[in-house]
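Peer 1: Sequence:
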Amino acid sequence: MSLRAVIFDLDGVVTDTAELHYQAWKWLAEREGFSFDRSINEKLKGVGRAESLGIILAHNGMDLPVAKRLALAEEKNQLYVGLLDALDRKNILPGIPAFLQELEKSKILPALCSSSKNTWLILKKLGLGNAFPCVVTGADVMRA
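Numbering (our numbering), first residue to last: 1 to 144.
Nothing false has been slipped in among the hints.
With a straight-line Cα cutoff of 20 angstroms, these simulated SDA-like cross-link-like pairs (lysine to any residue) come out:
| # | residue 1 | residue 2 |
| --- | --- | --- |
| 1 | LYS26 | LYS45 |
| 2 | LYS117 | LEU44 |
| 3 | LYS125 | SER115 |
| 4 | LYS43 | GLY61 |
| 5 | LYS90 | THR15 |
| 6 | LYS45 | ILE55 |
| 7 | LYS125 | ALA86 |
| 8 | LYS117 | ASP85 |
| 9 | LYS26 | ASP37 |
| 10 | LYS124 | ASP140 |
| 11 | LYS90 | ASP16 |
| 12 | LYS125 | VAL135 |
| 13 | LYS117 | ALA71 |
| 14 | LYS125 | GLN23 |
| 15 | LYS68 | PHE34 |
| 16 | LYS26 | ASP16 |
| 17 | LYS76 | GLU32 |
| 18 | LYS90 | ASN118 |
| 19 | LYS107 | PHE8 |
| 20 | LYS117 | LEU70 |
| 21 | LYS26 | ALA73 |
| 22 | LYS107 | SER2 |
| 23 | LYS124 | ASP88 |
| 24 | LYS45 | ALA18 |
| 25 | LYS26 | GLU75 |
| 26 | LYS43 | LEU28 |
| 27 | LYS105 | ASN130 |
| 28 | LYS45 | LEU57 |
| 29 | LYS117 | CYS134 |
| 30 | LYS117 | VAL47 |
Just the calculated beta-carbon pair ranges, DEER-fashion:
| # | residue 1 | residue 2 | range |
| --- | --- | --- | --- |
| 31 | ARG4 | ILE55 | 36 to 42 angstroms |
| 32 | SER2 | LYS45 | 31 to 37 angstroms |
| 33 | SER106 | LEU70 | 44 to 50 angstroms |
| 34 | MET142 | GLY33 | 31 to 37 angstroms |
| 35 | LYS117 | GLU19 | 16 to 22 angstroms |
| 36 | ALA58 | ARG143 | 18 to 24 angstroms |
| 37 | ASP37 | ARG143 | 25 to 31 angstroms |
| 38 | VAL6 | ALA71 | 35 to 41 angstroms |
| 39 | ARG4 | MET62 | 46 to 52 angstroms |
None of these hints come from the bench; they were simulated from the model. Ideal Cβ placement from N, Cα and C applies to all residues, glycine included.
All chains, please: the whole structure from these sequences, using the hints.
Peer 2: This is the structure we're talking about:
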């Protein structure tokens, strides 16, 4: 049986937006008076916004009403999306463009799966909006 497809993750494989997430959480934490540093940020990798906020609040020995949590999580996302504006082709991780070309030459389909609900925006900013014939995002599933 020959290889017919390769599935990529987005963050940490195609690009790295971890620093942008950190910057957005850091800004929000400073404004709200929460303690937040890189060690706390490490605990947020691979975790959704609502759960990330819960980790930050627990670290600070705090709790907030659900409505306030939702508002802060949405605000963090808007900050993050604003930071994504700076992304372009130079933010594609080394080797990815060449590997995608090799896959195309070999008639192997690249697919992308990401828990991020900002996947399409990121791909567009990177100039990879048409690079993956199959894309599944956090917006496509009930629980990412």
